Amino acid sequence: MDVLIQILITGLTLGAMYALASVGLSLIYGTLGMFNMAHGLFMTLGAYVAYSAAVIFGVPVVVGILVAMAAGALIGIATHLLIVRFMLGSKEFGTNILVATAGLGILIEDLILKTYGGYPYPQPLKVEGYTRLGGVTITYQAIITFFVALTLILAVAWLLKNTRFGRAIRATALNREAAMLMGVKADSVFLQVMALAGMLAGVAGLMISTQATLSPQMGGDPLLKAFVICVVAGLGNVWGAGLCAFALALLEATIGFYFGVRFGFPTMLLLVILVLIWRPQGLFGQEQVVRL
Amino acid sequence: MKRFDELTRHLLIAGALVGTFALLPIFITQRYLLGEVIVFLIWAMVAMNWNLLMGHAGVFSLAQMLFFACGAYGMAMGVTFANMSVWAAIPVAAISSSLLALVIGLACLRLTGAYVALLTYAIAEMTHVLIITDTECYTLVRNNCQQLFGGSTGFSRFDDFGFRPLLKSNWILGNYYAVLGAFCFTVIGVVVIIHGRLGLAFRAIRDNVGYASSRGINRTKYQIAAFALSALLTGLAGGVYAAHFRFAGPSLFEFSTLMFILSMVVVGGLGSTWGPLIGTGTMMIVVEFSKELGDARNLALGLSLIVFVVLLPKGLAHLGTTLIVKVKHRPDQEHRNPVRQAQE
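Taken in order, these protein sequences are the chains called A and B. Heads up, the first sequence is in this note's numbering, so the first residue is 1 and it goes up one at a time. Heads up, the second sequence is in this note's numbering, so the first residue is 1 and it goes up one at a time.
Be careful, since some hints might not be right.
Derived DEER-like restraints, expressed as beta-carbon distance ranges [to be verified]:
hint: 1; chain 1: A; residue 1: ARG167; chain 2: B; residue 2: ILE13; range: 39 to 47 Å
hint: 2; chain 1: B; residue 1: ILE13; chain 2: A; residue 2: ARG85; range: 36 to 44 Å
hint: 3; chain 1: B; residue 1: GLY294; chain 2: A; residue 2: GLN211; range: 28 to 36 Å
hint: 4; chain 1: B; residue 1: ILE285; chain 2: A; residue 2: THR151; range: 47 to 55 Å
hint: 5; chain 1: B; residue 1: THR20; chain 2: A; residue 2: ARG262; range: 24 to 32 Å
hint: 6; chain 1: A; residue 1: LEU270; chain 2: B; residue 2: ARG197; range: 32 to 40 Å
Since the hints were derived computationally from the structure, they do not count as laboratory data. Since the model is a prediction, treat every value here as computed from it, not as a measurement. For glycine and all other residues, C-beta sits at the position ideal for the given N, C-alpha and C.
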């Protein structure tokens, strides 16, 4: 029983962080059709900016979360204005933008390395203490991580479903040309999506850094898992990405517990490849009919 | 100029190129510079193969360094564990790299586009993580624990080409010509593939899958072929790399290394024949300069990737034609307005 609770707690905490990362990634892919290789660095940046705010101004945790969100949103906006805007609609956008964002990723990583150094810091914006459930220790930080992620994802879901702003995003994702003909300003929708996804990434980064430490490479591993989650959910499927994040995190926690942590991700990947052989469009993706 | 067909023309260029490199040691006698040319040849091989796969066959794979590493590791393991001679280990490593590509290709190439990029990247990264977290000793080498896949330090100090006792202080010349041999093989292989029937099929699939398959070209089959062939030649480069540097380690999997090679392909020009060579030279010079400016290697890599993809997506190889088109047509909002395109 204790084992089960332990796996559940680890899985849900991991899942919350993966969900934050992959929902943003999926949102960007769904709307702009681009894969953001720099998403991991958006997370890292959010974590580092929050760290700076905590060290310099001594901000409390709640403000720290807001700072991380703002930092993520800003880098998302900057990416759109400086890079993506010029490439939208160009030939081979899908692959070219992958290259460009990968370049951006390595650029930001280097800048962080130069500013903060490569030494891993502990994240000061962390709630200490723990409670016990049966024989299992649950840190307050894990609980906070879970609820912050849940709140944010539900908020995004509400935004997408019930507001004008969300309708514009969904319309653009569904059919860019038709949405533009109906008077949706696609350019500003893209900007908003990048800001929103960046915001989620910033928080994800802060949460990840509380579980481990801050380092310039910290975004790489969660990004990889977010990729896999998005692929298995079907690229661009936001709801599916959120669900798959929790499912795969629980799986990873189980494998990690029984066979050792280093086999968690490989098993996950193997499963994903099997899923894709069975359903190449992903679990929740719709089969696309390509007109020639 | 219609005297030669395309294949012959490019083979002649290849011959002239290899000939020039063969004569180079007459003029370059410094060991350091010769070492740099060797590095150039090795990276150029990898970049040419990636261009074959990505630019011609349209498979956006990020597992290129995995196949390179497979060649390097295969060669290192063959020499360390199986006591093979270096010359036997390199082809074996290249073939095993190709087999690995076949398996990965069968799993990944049912998908297309960005999906392939993500899965290949995930597989390469997973291999990296599995290798560096491995702590179990497989054997003892000089009383040091040696993991099966080298662990976090990798393999080093194994046999090299064996020119040191033979050529004494000129051993680097031996290495140079050995690498040049592999380069020659790769260049001829790549040119024959690109300008032969296979390349034609690859480009047909890249340009229009529907049309190509209606003419009887099976996308999956040809893309797997491209995957395996480019992995064979990449593995060869990896084996030669390991034999020259007497090193094969997890640093080969690093993201910045992958980006370094990617920038060569992109800067040189995706889908060209000789672009990757131009790109390799350019990027090596850029990185060399940025190192002198204070460890700005990754900064330079990132910037050049972004700048080239945004401003010159066809790379240096097409610099001339791109400029001519720009001047002639004035690319007003043509590409940026999908609605207008839809109306037309």
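Where does the structure disagree with the numbered hints, that is, which hint numbers, in rising order?
Per hint list: 1 and 5 violated.
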